[in-house]
Amino acid sequence: MTEGEQAQAPVPAPPPPETETEWLRLDPRMLLVHPVREVLRFLPVIIGLFVAGAATRDGTGRLQLLGILVPVALGLVRYWTTSYRIHADRVELRRGLLSTSTLATPLDRVRTVDLTASPIQRVLGLSTVRIGTGTAARLDDGGLDLDGLPTPRARALRQQLLTSIATPAADPEGTGGERLVARFEPGWLRFAPFTSAGFVIAAGLIGVGSQVLDQVGFFEDVDEAAWEGLWARVGVVAVPVVVLGLGVLVAAFAVLGYLLTNGNFAVSHTLPDGSWHVRRGVLTTRETSLDDDRLRGVSLGEPLGLRLVRGGRLSAIVTGLDRSESGSSALLPPTPRALVQRVAAEVVGTAEPVHARLVDHGPRARARRYVRAMVPAVAVAAVLVTAAAVDGLVWPAVLAAVVVLAALGLGHDRARSLGHALVDGWLVARSGSLTRRRDLLATEAVIGWNLRSTWFQRRAGLVTLVATTAGGRQWVAIPDVPEPVAVEVAVNAVPGLVDQFLATDRGLPAGGTAPVR
Amino acid sequence: MTTLREPSERVDRRAVLMWTLGALGNSVFTYVVLLVVALVWDAVPFRWWAAVLVALAFAVYSVLMPRWRYAVHRWEVTDTAVHTQVGWWSIERRIAPMSRIQTVDYEEGAFARLFGLAAVTVTTASAAGAIAIEGLDKHLARRLVDQLTVRADAVAGDAT
Chain U
47 MTEGEQAQAP VPAPPPPETE TEWLRLDPRM LLVHPVREVL RFLPVIIGLF
97 VAGAATRDGT GRLQLLGILV PVALGLVRYW TTSYRIHADR VELRRGLLST
147 STLATPLDRV RTVDLTASPI QRVLGLSTVR IGTGTAARLD DGGLDLDGLP
197 TPRARALRQQ LLTSIATPAA DPEGTGGERL VARFEPGWLR FAPFTSAGFV
247 IAAGLIGVGS QVLDQVGFFE DVDEAAWEGL WARVGVVAVP VVVLGLGVLV
297 AAFAVLGYLL TNGNFAVSHT LPDGSWHVRR GVLTTRETSL DDDRLRGVSL
347 GEPLGLRLVR GGRLSAIVTG LDRSESGSSA LLPPTPRALV QRVAAEVVGT
397 AEPVHARLVD HGPRARARRY VRAMVPAVAV AAVLVTAAAV DGLVWPAVLA
447 AVVVLAALGL GHDRARSLGH ALVDGWLVAR SGSLTRRRDL LATEAVIGWN
497 LRSTWFQRRA GLVTLVATTA GGRQWVAIPD VPEPVAVEVA VNAVPGLVDQ
547 FLATDRGLPA GGTAPVR
Chain A
642 MTTLREPSER VDRRAVLMWT LGALGNSVFT YVVLLVVALV WDAVPFRWWA
692 AVLVALAFAV YSVLMPRWRY AVHRWEVTDT AVHTQVGWWS IERRIAPMSR
742 IQTVDYEEGA FARLFGLAAV TVTTASAAGA IAIEGLDKHL ARRLVDQLTV
792 RADAVAGDAT
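Those sequence lines, one after another, are chains U and A. Note that the numbering used here has the first sequence beginning at 47, numbered continuously upward. Note that the numbering used here has the second sequence beginning at 642, numbered continuously upward.
No lab work stands behind these hints, which were simulated from the structure alone. Careful, some of the hints might be misleading.
[What the hints assert, rightly or not] Covered stretches of chain U, as calculated for chain A (at least 3 residues, CB under 8 Å): (1) 492-499; (2) 536-546.
[Claimed, not checked] Chain U residues, not near chain A, derived (Cβ > 10 Å throughout): (3) T127; (4) T162; (5) D191; (6) L251; (7) V254; (8) V258; (9) V285; (10) L302; (11) L305; (12) V355; (13) A434; (14) L456; (15) H458; (16) R476.
[To be verified] Sample of chain A residues lacking proximity to chain U, with all beta carbon distances greater than 10 Å (derived): (17) P686; (18) A692; (19) S703; (20) F756; (21) T762.
Computed from a predicted model, the values in this text were never measured in an experiment. Glycine residues also receive a C-beta, built at the ideal position from the N, C-alpha and C atoms.
Chain U extracted, bound-state conformation (with noise of 0.2 Å):
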């Protein structure tokens, strides 16, 4: 492949407008914030010094002085030796004291640059620039992470970058500069409630919470007997309001959440470099920027809460970013389902496949939802019941006629989710009911098919069709297919590579050269 990649290497690209020759530092007042970086990463040996410190009554503090002193001295060391060029159409990161590593990259392979800042960082007015190239392998300790550059100079730098990989886009008014697709409004906050961050931090602190109690020995303390007293008088009436209290908590939390990442949100799309960027955050912000040429798609997340009160979101099919930082692709966070469709028919350039109508899967496909849903449901309810007959008790059948009835509800909307269709050479997929998606794949970008089928499937004549890519989670699938259909879409889809493998009328290979023999 080498050979390949080297033709394509774009020879003839355009100078950077500054070539940057010279190692560069960090700025310098980076020296506020690695101290304060290292001293919070040391932070529980730090504390756990302290209690040493104090359990052997050593008066003189050594010890602790040497949990704060190293930290800096760490941090110090960290600034001073790490520095970074852009030098021959490359960018060259060089750190660490006793091992030095230089980590180089070709400026045309960046794929993605982001900017974030710490609330230490804005203060001082600086940002992190991540340059994103795709590699699987990035190094432990943060890959080309330029940790600390004055902020005008990180977008400066971004520009830079973003611009040396681009082809410059169509630029009909030939003006270029920055066009705003949507930024953030209050209203947004009302779909917080309905995503299951307020459940995580709920969770979280909880978890928390019961530890810290556990610890201090609050559940040892607690008299049985002052439970059941407690349960006789308020009984039934308590559950309701706890549960109400709770609710309140992690709606309150989510709400809180979605400010804290999503204030100040604001995704824009500029020329001539064409490139998308997304703004973000109130305390720590990120921008991310998504070079044109990178994207392959747009996925409409339509999980069950938010298609309640007609929400979504909307993040990108991005090649070159990495799967684990998934949260950069983002592109619009939960928000009105009307500006998801706008903003994904403006990063897809046609509004066709946001709308279109989906192919319907058939009877069969419909069927298996209902089965997968109901089948491990139908089991726990029969356990239920089995144990509500020998006990002789109400609630496990209550409980088990509840499961039951989710489980169809499930069903249903999972039978409805699923849907696929082929609209102006975009491949949409739509599946799933709790975690809904669309998912719009443009069919230059699929790099190849698989069509899986279960024994099961088979006897339905179904199969999942999954398109591969290089971007985003790297597939997309559509699944409970019949089969000519599945077969069909990808001989259109992509047109030339599956043809050679139909099956004729009368059963003999067509086409396809003989292999090795």
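Got chain U sorted already, so can you dock chain A onto it with the hints?
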């Protein structure tokens, strides 16, 4: 009715023996572990007929699965694409265009070498796109790797 035909080539016949011995080895190991657990752990009462039933299930699996798998496993390489079909209970067919191939791997595992077999893995830029052809005669696999490398090289582009 538009359907895919099966890839034209079968894997080497020796693969059946390899899979059978592999499955037998795994089965015997799992069976011994289960047996020891059943004998040592009081919570599970040991029943001789259960032991026989489980042994029978493992035996049937070891004999049936490799033959089923051999019937399914097929591959084909054309000028423009690689097409494979693997699996037994769950079958997966993969088609990757030659122009999107990134690496071609030849692997001769310690166990496979006993049978003179090798595996060829073709990767693309997608984590879901890797195509593996197991149980090929090792000389054939070598030639296949050379051929694939040449053909993939002939197409320009970064394969994403």
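- Structure-inconsistent hints, enumerated in ascending order: none
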